[in-house]
Amino acid sequence: LVLDESGSMQGLPIEMEREVCRTIAGSLRKGDIVSMVGWDTSNAVKLAGHVVQSANDPTIVAECDGLEASGGTDLSGGLHAGYMLASEHFTQGRINRVVLISDGGANAGETDIAVIAQGAGDQGKDGIYLVGVGVGSSESYQDQLMDTVTDAGKGASLFIPHKAEALKMFKDRFISTMMVAARDVRVRLDMPPGFEIVR
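Mapping to my numbering: the sequence shown position 158 is 158, numbers consecutive.
Keep in mind that a hint or two might mislead.
BS3-like cross-link-like pairs, simulated, lysine-lysine; straight-line CA separation at most 27 angstroms [as the list claims (entries may be wrong)]: (1) K163 - K30; (2) K168 - K30; (3) K171 - K30.
If you're looking for bench data, these hints aren't it; they were derived computationally from the structure. Treat the numbers as computed from the prediction; the structure is a model and nothing was measured.
Construct the complete structure from the given sequences, taking the supplied hints into account.
Right under this line is the structure:
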């Protein structure tokens, strides 16, 4: 979990981030492995390779409840730290995901969207894919950065404006939200005689 604790998260965004975080905690099972990094202009590793004891693991829930908004927004640095943790605790045969929760802002550290996206895209070869979760109001959420980064990270991007949506995507549809449906998809088209592809 890569958790935005920058100043722009004050109010509704941080409330929704806590809600998503807690809902994810409720959907986990004993034996799952969770790492958490909070970030503003610096990174704070909150959990590294924590083995889940049960759904709503108290250690994870406490970290979710303790999220606070302050400081600048180094999204690139936070995302890099999240991928480092995911790589350290990568397990073959499991769903290995980085879940980035943010309002989509970036005003410190690396702010070039293309460079941030490249950092996410480089990780897909290792089987670590990105789920981008936008939070806050539709007026304040900066979807362009989140969509670009998530596309490069070979994952899905979604927006959580209220608690009901958090429950739908991270409780009712938890597995489908986290799972990749298919990788390395190829399509073969056999043309009948006399036909050709012109565009």
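Hints, one by one, checked against the model:
This hinted pair checks out: K163 and K30 have alpha carbons roughly 25 angstroms apart, not beyond 27 angstroms. For the proposed pair K168 and K30, the alpha carbon gap of about 22 angstroms is at most 27 angstroms, so the pair holds. For the suggested pair K171 and K30, the alpha carbons sit about 16 angstroms apart, so the restraint of at most 27 angstroms is met.
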